[in-house]
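S.K.: From just these sequences and the hints, can you work out the full model?
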Amino acid sequence: MSEFDTTTAAPTAVVRLERLTRSFEQGGVTIDVLRGVDLTVRPGEIVALLGPSGSGKSTMLQAIGLLEGGFGGRIEIAGIDASKLGKDRRAAVRRDHIGFVYQFHHLLPDFNAIENVVLPQLIAGKSREDCEQRATELLSALGLGQRLEHRPSKLSGGEQQRVAVARALANKPRLVLADEPTGNLDEATADKVFAQFLELVRGQGSAALVATHNERLAAMMDRVVRLHEGVLR
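Quick note on our numbering: the sequence shown kicks off at 21 and runs consecutively.
Mixed in with the good hints there might be a few duds.
[Stated by the list, open to error] The calculated DSSO-like cross-link candidates involving lysine-lysine, where the alpha carbons are at most 27 Å apart (straight line), are:
{"#": "1", "residue 1": "K192", "residue 2": "K146"}
{"#": "2", "residue 1": "K192", "residue 2": "K107"}
{"#": "3", "residue 1": "K212", "residue 2": "K192"}
{"#": "4", "residue 1": "K107", "residue 2": "K146"}
{"#": "5", "residue 1": "K174", "residue 2": "K212"}
Just so you know, these hints were derived from the structure itself, not from any lab.
M.R.: Laid out in structure tokens, this is it:
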């Protein structure tokens, strides 16, 4: 059990943002990217975060993923007020509760597919046997049962992204954050990978927030929110 767990009951929200803000200084000018974002994502809910490039979607996901500081407002993850946690505790919340899928797969090139999915589980303290079993199950469900020993350089773009999906889901996170997860794939491959992603996320009961500019993919999710001029509509 995580050091942050205070109850066995599931929280009413996996994500709760209250008045989230983020500004940057550029050339002596202050740019307000997030202007007071409020959002609640409940257990098992898959939410599409829509907005054009440059609207702040990635910045918002970085805030929720506790990947950097400089944000104002309150960020609550799985019932934990993470707004003012130190670096080590933020890392522990990420490890225990959050999985990430990025537009580019970011796989470790010197490790094969199964090893890339095993590694985050080992970091979480699981036994190698359990890690390998979980990795094999996920990769097989994603159609990679015959590709377990292949390194990323020997996999297609779609296969690499499937490994990235398996890695994100390996520890059964309460929350999956996905930033344009199929943006580098052709339409047919993107549709297939995204459908598999949704099936696995729903199957294990995780919540997900998926940043995209693709209306067609957004329509496959439970709810759509739109980031416009720094606030959600």
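S.K.: Could you grab the alpha-carbon distance between K192 and K146 and see if it respects the 27 Å cut-off?
M.R.: Between K192 and K146 the Cα gap is close to 12 Å, so the pair holds against 27 Å.
S.K.: Quick one, are K174 and K212 close enough, alpha carbons at most 27 Å?
M.R.: holds (20 Å)
S.K.: Would the pair K107 and K146 pass a check requiring their Cα atoms to be no farther apart than 27 Å?
M.R.: holds (23 Å)
S.K.: For the pair supplied as a hint, K192 and K107, is the alpha-carbon distance within the 27 Å limit?
M.R.: holds (23 Å)
S.K.: Are the Cα atoms of K212 and K192 separated by 27 Å or less?
M.R.: holds (21 Å)
Hint violations for this structure: none, all hints satisfied.
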